[in-house]
Amino acid sequence: MQILWKLFTSFFKTGLFTFGGGYAMLPLLKAEVVEKQKWATEDELLDYFSIGQCTPGIIAVNVSTFCGYKLKGVIGAITATTAIILPSLIIITLIAAVLEKYMHLPAVASAFAGIRLGVTALLVNLIFDMGKKIFTKNPHWRLHAAIFSIAFALLMFGDVSAVLIVIMAAVFGFVPNLFGKNKIPFIKRGNKK
Amino acid sequence: MIYWLLFYEFFKIGLFAIGGGAVTIPFLFDLGEKYHWFTTEQLVNMIAVSESTPGPMGVNMATFTGYQTAGILGGVIATFGLTLPSVIIIILIAKLLNRFADNTYVQTLLASIRPGVLALIIFAGWQIARISITDWLSAAIFTGILIASRFFKSSPIFYILLSAIVGIVLQL
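So the sequences go chain by chain: A and B.
114 is the number of the first residue of the first sequence in our numbering; add one for each residue after it.
30 is the number of the first residue of the second sequence in our numbering; add one for each residue after it.
Chain B on its own, in the form it takes in the complex (with noise of 0.2 Å):
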């Protein structure tokens, strides 16, 4: 059944993504892959979405591939999937540990995790790159985009926009 599935597969994702909304994106891209609930296309598009609406990244990726892939409930589900393992574990941990940040054990292992983690986004920052970037066109837009982030930090939003905008001009 497809809730009970939705539930399962981002119950996964909110146990195994740790750091941050952008560590979703792998997990996404696994689910892509394995069930074809989106395509790569898609999955960008969310990503584009969920950046530059309110709430935290994570949870409106949740929302968004749970709705592309049953609707309401979908999203509804998805996104409880998600929030599930956080809710269970910070309970935990305020009942048992105090000093859970400092513990040398936990940082160590939060330490190994983000290579791996780094591995994982530049592998699906390839996939993403490959559907995207289709053309020298497109190509030096990527380039002046990248350049133009790394100089001047604004927020994502700003160059989401700034993107849609250039897309719509030069009729991408």
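Okay, chain A solo, but in the shape it has when bound (with noise of 0.2 Å):
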């Protein structure tokens, strides 16, 4: 029981002071679950984001899931999990609420109009991260570049959900693989560890 309420506070911390999620709260996680508790290794920690960021879901909340279960079991991945989405539960709800009654005031209506514009610059920035990290260096830029011209040229001409789309470029991206002298194995030998 002890163990569990440690868990609790510990993801409520990082849920609490992490902005934005991802490996923003690395930093914090290493502190808390490396340092401070020893429940994991630096190196484990570092399996879990890799991990959490290639299974579906949010990122923070794979590796809570992770790590809790590693600790305590299902009811451990729970607890990890539940504390780590508490904070923004709370702070988001409360904002929502907040929001909705002075949205109408003439400087929240301007102020959200600039935020518009920045948060559509940083979403640039993401895009252009994005696609210099899938386009250069890459072996298989050609036929990544083919997944992206159909998904986008979709998404244009057709009204294709997202849903569908991830489904698509999985499938086109990994069928090739599975033929011919394309083929490949399926564990790549040599990796760290």
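In silico DSSO-like pairs for lysine-lysine, Cα to Cα no more than 27 Å straight-line:
#1 Lys124/B x Lys185/A
#2 Lys185/A x Lys149/A
#3 Lys185/A x Lys143/A
#4 Lys149/A x Lys126/A
#5 Lys185/A x Lys151/A
#6 Lys119/A x Lys143/A
#7 Lys182/B x Lys250/A
#8 Lys126/A x Lys151/A
#9 Lys126/A x Lys182/B
#10 Lys183/A x Lys124/B
#11 Lys143/A x Lys182/B
#12 Lys126/A x Lys185/A
#13 Lys41/B x Lys183/A
#14 Lys143/A x Lys183/A
#15 Lys124/B x Lys143/A
#16 Lys126/A x Lys183/A
#17 Lys124/B x Lys119/A
#18 Lys119/A x Lys185/A
#19 Lys126/A x Lys143/A
#20 Lys246/A x Lys182/B
#21 Lys124/B x Lys151/A
#22 Lys119/A x Lys183/A
#23 Lys124/B x Lys149/A
#24 Lys41/B x Lys124/B
#25 Lys245/A x Lys182/B
#26 Lys151/A x Lys183/A
#27 Lys149/A x Lys119/A
#28 Lys63/B x Lys41/B
#29 Lys149/A x Lys183/A
#30 Lys119/A x Lys151/A
Quick caveat, the hints were computed from the structure, so don't treat them as lab data.
Bear in mind that the values here come from a model prediction, so they are computed numbers and not experimental data.
Take the two lone chains, each set in its own frame, and fit them into one complex as the hints suggest.
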């Protein structure tokens, strides 16, 4: 019971003091999970992150579930996950309630008109970074450019849902690798550890 | 029933949004278009609040959209729906697969999804730009912030605050 409470407070604190999510919470989790509580080594924590990144869902939630599960099984996983999302739930609900009341004030409306421009700029920034990561130093860039073009064309000219785009990209990119001389082995040998 | 629908839609987002908070944006766009729970303008406001408050951005977005749609309980249910696939999948992986992230099949699958996700985010960015950039002044402010954020890597919160101040000062 005591360990569950500790797990709860550690992840609640992380949720409360992380902005943005994902790798932004790595330093905080490292301080809590690795250095203070010694629940995992730094390598293990990094493993949780790399798995959290390539599984569906929010990275922060994935990592919390993983840590909690490793420590105390299913009940630990539920405790850590509840703790990491609880600050969000409380804070956002409060802000949403307050915003509703003040949104009609001219100053608030102006602020948000400005903020929308900022958000757009940040999004364009993210698109540049993502594009650079996908299309430079990538041996499969032709295939990936084709997937990108098909996805974009479908979005522009068809009424296709985001879910369908993800499934389409997965199938197009994955299936060609299973046959012929491009066949990939199941596990790549000689990776870290 | 609205709660069941919220749960179902956010469960789907939790299952298909792979790669972090911003990836949920195109999915939320779909929601807005399909059910008219919120306008594009409201969605962009929610993105701003989610980026500049504590907590994982994806979770914040779920709570906010859920609240906007169906009040406090709506926020809780949307967040629960978003989280549930993660919890189930991670527990299974922790149990069954030790070297999941090193698996070449997993890596290939992820690498193939990424260009699709890029297209999704560009498309969402285009819709957001269309409602945000309305005249020459806003286009100039947008360009200014974009250039500044390319050259000076600062936290998103800094740029969101900055653009709020610019908005108030210029009475956008």
